[in-house]
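A.B. asks: The chain contents come next:
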Amino acid sequence: MRFVFDEDASAFRAAVRDLLDKECGPADVRAAWDSDAGFSAARWKQLAEMGVVGLTIAEADGGLGLDETGLVLLLEEAGRVALPEPLIETTAVGAPLLQALAPDRLAGVASGDTVVTVGLSHCPAVSGAAGADLLVLERDGALHAVAAPDVDLTPVESVDHGRRLARVDFAPAAATVIAAGDEARAAVALAFDRYAWASSAVLCGLADRMLELAAEYAKQRHQFGVPIGSFQAVKHKLADALVKLDFARPVVHRAAFSIARDDPDRAVHVSMAKAYASEAADLAARAALQVHGAIGYTWEHDLHLFMKKAWALGAAWGDAAWHRRRVADAVLPRLPR
Amino acid sequence: MNVVVCVKQIPDPATPGELDASTKTLRRSGSIILDDSDAYGVEMGLQLADKAGGGEVILVSMAPNNENKGLRTALAMGAAKALLISDEALAGSDALSTAKVLAKAIERADADLILTATESTDGYTGTIPAQVAELLGLPMVTFAKHIEVDGDRVKVQRQTEAGYDEVESPLPAVVSVTAGVVEPRYPSFKGIMAAKGKPVDELKVADLGLDAGQVGWAGARQEIADVSAAEERKAGEIVEDEGDGAERIVAFLEQLKVI
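Going down the list, the protein sequences come from chains A and B. Its first residue numbered 1, the first sequence is counted upward by one per residue in my numbering. Its first residue numbered 1, the second sequence is counted upward by one per residue in my numbering.
Hints are computed from structural coordinates only; laboratory data are not their basis. Even glycine gets a Cβ: it sits at the ideal position worked out from N, Cα and C. Fair warning: there could be bad hints in the mix.
Unchecked claim - Some but not every residue of chain A turned toward chain B, in silico, with C-beta under 7 Å: (1) F12; (2) A15; (3) L19; (4) M50; (5) G51; (6) L64; (7) A174.
Let the sequences and hints guide you as you build the complete structure.
C.D. replies: This is the structure:
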């Protein structure tokens with residue numbers, strides 16, 4: 001299969017990069033870390049005006065009617081700036097889920113007025129819950145849509161302050177149910193795969209940026225009278241991480257295609273993406289930290305912002321080991337555990 | 001109300017520019033983008049046309065090789081169409097030749113208002129807006145930090161060093177805007193898609209009724225005699241503070257006659 005992005009996808013990506021370069025620098029990410037919701041409502045609105053937030057929503061409901069293949073490059077861009085806004089929760093997971101099960105609840109989502117997050121029961125800490133206006137929550141095999149005033153949040157500490165976590169309590173009722181039984185089960189499995197895939201795309205962007213920062217630093221920092229980037233050991237470290245990232249990207253793109261086309265092997269493709277991207281971002285973070293002489297370990301250094309998000313997303317929605325196991329389970333005869 | 005906005009497509013400042021040693025001019029072969037300083041005029045034009053309840057924004061640009069990538073950005077922001085003048089005869093044009101070309105193109109657009117930036121980000125001559133106004137025989141207001149159109153007059157707050165002047169002019173007029181005039185919008189995805197279908201009329205020098213001898217190297221009245229690298233900044237003097245730091249600073253400032 002020949003898989004290339006069309007001219008529109010590249011143009012969208014360039015436009016989003018332009019906006020994020022100007023509106024989401026490291027100082028802006030730090031400001032979001034210190035805010036109540038964990039993100040900037042103003043920047044979310046700008047992304048909505050551009051069409052990013054409603055990208056996966058049908059045109060009739062105010063969106064662009066595009067799918068995962070249209071979103072994947074933008075998620076990478078979000079990773080490149082450690083975007084604190086809930087693009088994964090709302091655009092990659094929440095909006096398509098509501099589109100399928102409860103399109104009447106999509107009001108205000110594409111315009112950026114209604115932020116959505118999805119909480120799945122095997123992951124008790126819900127990401128983006130603090131800033132969400134509408135929460136889709138799995139309880140006892142059913143999916144419920146609940147407005148923010150009807151839930152109680154208990155904050156849970158997150159390694160990435162730009163990704164707020166909370167336990168969510170609410171009173172399930174017949175009126176809140178949007179799916180039950182087999183329909184709910186299938187929707188939960190799809191939402192999980194979307195979370196894992198979207199995290200993979202963001203991880204690729206994070207890895208890309210961390211390697212860029214490290215390469216820049218390796219050219220600036222002199223030791224023994226020459227830039228440290230001229231030492232083979234430093235070069236190889238960064239090259240190895242770049243190779244890992246370059247191998248992860250096409251797998252993430254393939255997973256986007258599989259979700260969009262409802263491929264029967266969707267789960268396997270998503271797991272391959274999450275395993276590759278988590279490992280690529282982990283290696284990029286380690287290489288960047290070492291090239292920086294460990295200075296990225298402090299809060300004050302920009303590298304810190306990207307590493308924290310990479311660690312959080314690498315572990316979220318199944319880490320590399322878990323996803324490798326899922327691939328093995330699918331393609332090999334059952335292995336002894 | 002029809003607003004013409006003069007826009008320049010420049011080499012991306014993110015990639016270091018290079019001079020062609022033989023012509024002593026900027027190489028324009030790399031990635032070309034809309035000059036950031038022109039986005040303000042485009043946005044202002046869109047807002048004024050919107051406020052007037054009708055009319056459109058028409059872009060006028062001169063660029064080598066039918067380059068239109070920067071124009072697409074401005075069209076994605078909402079401009080209706082573009083006139084692009086691209087001709088090998090234009091290579092080597094000085095500011096006045098450029099102004100002649102732009103003025104001839106603007107004449108075709110039936111404009112109520114012509115907006116320009118104060119100066120381009122790659123050339124910095126800052127002379128073209130006034131030259132265009134003179135060639136068109138129109139009034140000119142420079143350094144606008146606020147623009148309002150009231151009937152057939154334009155009211156401008158004109159930035160000065162001390163504050164601003166309030167200036168009024170009959171329309172049509174040429175107004176150059178500063179970066180403070182409005183906040184340019186980011187092109188939306190729908191805008192980017194729509195821009196692909198918007199007309200970009202490509203014109204040659206002959207189409208404008210100009211003679212090739214009036215423009216380009218042939219028509220240039222200015223010549224670049226020499227180019228040289230900017231002098232490197234000298235390293236500062238590092239003074240070890242041995243308890244007399246304050247006195248040394250005072251002595252230094254006295255030597256500069258600052259105090």
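A.B. asks: Each hint needs a verdict: does it hold in this structure or not?
C.D. replies: How the hints compare with the structure:
1. F12: holds, 5 Å
2. A15: holds, 5 Å
3. L19: At 5 Å from the nearest chain B Cβ, A/L19 passes the 7 Å test, so the hint holds.
4. M50: Check passed: Cβ of A/M50 comes within 5 Å of chain B, closer than 7 Å.
5. G51: Holds. Min distance 4 Å.
6. L64: holds, 6 Å
7. A174: violated, 39 Å
The structure shown violates just one earlier hint, number 7.
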